[in-house]
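Engineer: Residue-level listing of the chains:
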Amino acid sequence: DTEVTQTPKHLVMGMTNKKSLKCEQHMGHRAMYWYKQKAKKPPELMFVYSYEKLSINESVPSRFSPECPNSSLLNLHLHALQPEDSALYLCASSQEGTSGNEQFFGPGTRLTVL
Amino acid sequence: GESVGLHLPTLSVQEGDNSIINCAYSNSASDYFIWYKQESGKGPQFIIDIRSNMDKRQGQRVTVLLNKTVKHLSLQIAATQPGDSAVYFCAENDIAGNQFYFGTGTSLTVIP
Numbered sequence: 001d002t003e004v005t006q007t008p009k010h011l012v013m014g015m016t017n018k019k020s021l022k023c024e025q026h027m028g029h030r031a032m033y034w035y036k037q038k039a040k041k042p043p044e045l046m047f048v049y050s051y052e053k054l055s056i057n058e059s060v061p062s063r064f065s066p067e068c069p070n071s072s073l074l075n076l077h078l079h080a081l082q083p084e085d086s087a088l089y090l091c092a093s094s095q096e097g098t099s100g101n102e103q104f105f106g107p108g109t110r111l112t113v114l
Numbered sequence: 001g002e003s004v005g006l007h008l009p010t011l012s013v014q015e016g017d018n019s020i021i022n023c024a025y026s027n028s029a030s031d032y033f034i035w036y037k038q039e040s041g042k043g044p045q046f047i048i049d050i051r052s053n054m055d056k057r058q059g060q061r062v063t064v065l066l067n068k069t070v071k072h073l074s075l076q077i078a079a080t081q082p083g084d085s086a087v088y089f090c091a092e093n094d095i096a097g098n099q100f101y102f103g104t105g106t107s108l109t110v111i112p
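Same order as they appear, the protein sequences are chains Z and A. Position 22 (the first sequence) corresponds to 22 in my numbering; numbering is contiguous. Position 15 (the second sequence) corresponds to 15 in my numbering; numbering is contiguous.
Simulated from the structure, these hints should not be mistaken for lab results. Check each hint, because a few of them may be wrong.
Each pair of labels, with its calculated beta carbon distance range [claimed, not checked]:
1. Z:S55 to A:G41: 27 to 35 Å
2. A:F46 to Z:N57: 24 to 32 Å
3. A:M54 to Z:H79: 44 to 52 Å
4. Z:E52 to A:Q14: 46 to 54 Å
Computed cross-link-like contacts, PhoX-like style, restricted to lysine-lysine with a CA-CA straight-line distance of at most 25 Å [what the hints assert, rightly or not]:
5. A:K42 to Z:K38
6. A:K42 to Z:K22
7. A:K42 to Z:K19
8. Z:K38 to Z:K9
Bear in mind that the values here come from a model prediction, so they are computed numbers and not experimental data. The C-beta atom is built at its ideal place from N, Cα and C for all residues, glycine as well.
From just these sequences and the hints, can you work out the full model?
Structural biologist: Written as structure tokens, this is what we have:
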């Protein structure tokens, strides 16, 4: 299995809602990532988990809360988002969180905040 | 056709022609580079990678060239096909390895 899967594909939420994005990989990768991508822009790193521990938080607002329940799963909990948070949220994984390891991307969740 | 990547974000080529997409990077400590292809509504897809101890790597119809002296990376696509139409991103991985830095991206349109 060489796939990263993400659910849901699309999500529409109000500013007072709480929702979660899910990501799963079964490649035995030990590093997982969340990226945010706005239209016509490159992906921007949000969080890195290495061996199920948060290793990088790129100064992301606390309304985004990541969670890594086990080595195959990565969640992103959303609460009190703003309309400007609407974007494509991409999950990726790599064998290790070190240089030289290709990141495999999921298809993304298209998030719209009303 | 050729683009400068960060400075000319769109490139149009005729089907069958070769395409060259360029990317400049700024971090001398970057030692691993990847080209990704992203089609509309999809996540980035790996095309080819190269490590800093190489200056050229070839795949199927694609070649990546790395010039560390001027911190420049290019992707050459031979015999460009309509299915190659997408946004192409270069990404650099610093030696610490924790994260990739993505370039601005170049939108490639192949004209049948």
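Engineer: Is it true that E52 (chain Z) and Q14 (chain A) lie within 46 to 54 Å of each other by Cβ?
Structural biologist: With Cβ atoms ~49 Å apart, the hint holds.
Engineer: Per the hint of 24 to 32 Å, is the separation of the Cβ atoms of F46 (chain A) and N57 (chain Z) within bounds?
Structural biologist: Holds, at about 25 Å.
Engineer: Holds or violated: 27 to 35 Å for the Cβ distance of S55 (chain Z) and G41 (chain A)?
Structural biologist: holds (30 Å)
Engineer: With a cut-off of 25 Å on the C-alpha distance, tell me whether K38 (chain Z) and K9 (chain Z) pass.
Structural biologist: This hinted pair holds, its Cα atoms lying about 16 Å apart.
Engineer: For the hint 44 to 52 Å, verify it against the beta carbon of M54 (chain A) and that of H79 (chain Z).
Structural biologist: holds (45 Å)
Engineer: Quickly compare the C-alpha distance for K42 (chain A) and K19 (chain Z) to 25 Å and report which way the hint goes.
Structural biologist: Satisfied, since the Cα-Cα distance of roughly 22 Å is no more than 25 Å.
Engineer: Given the hint that K42 (chain A) pairs with K22 (chain Z), test it: the Cα-Cα distance must not exceed 25 Å.
Structural biologist: holds (16 Å)
Engineer: Tell me if the straight-line CA distance from K42 (chain A) to K38 (chain Z) falls inside 25 Å.
Structural biologist: holds (13 Å)
Violated hints: none; the structure is consistent with every hint.
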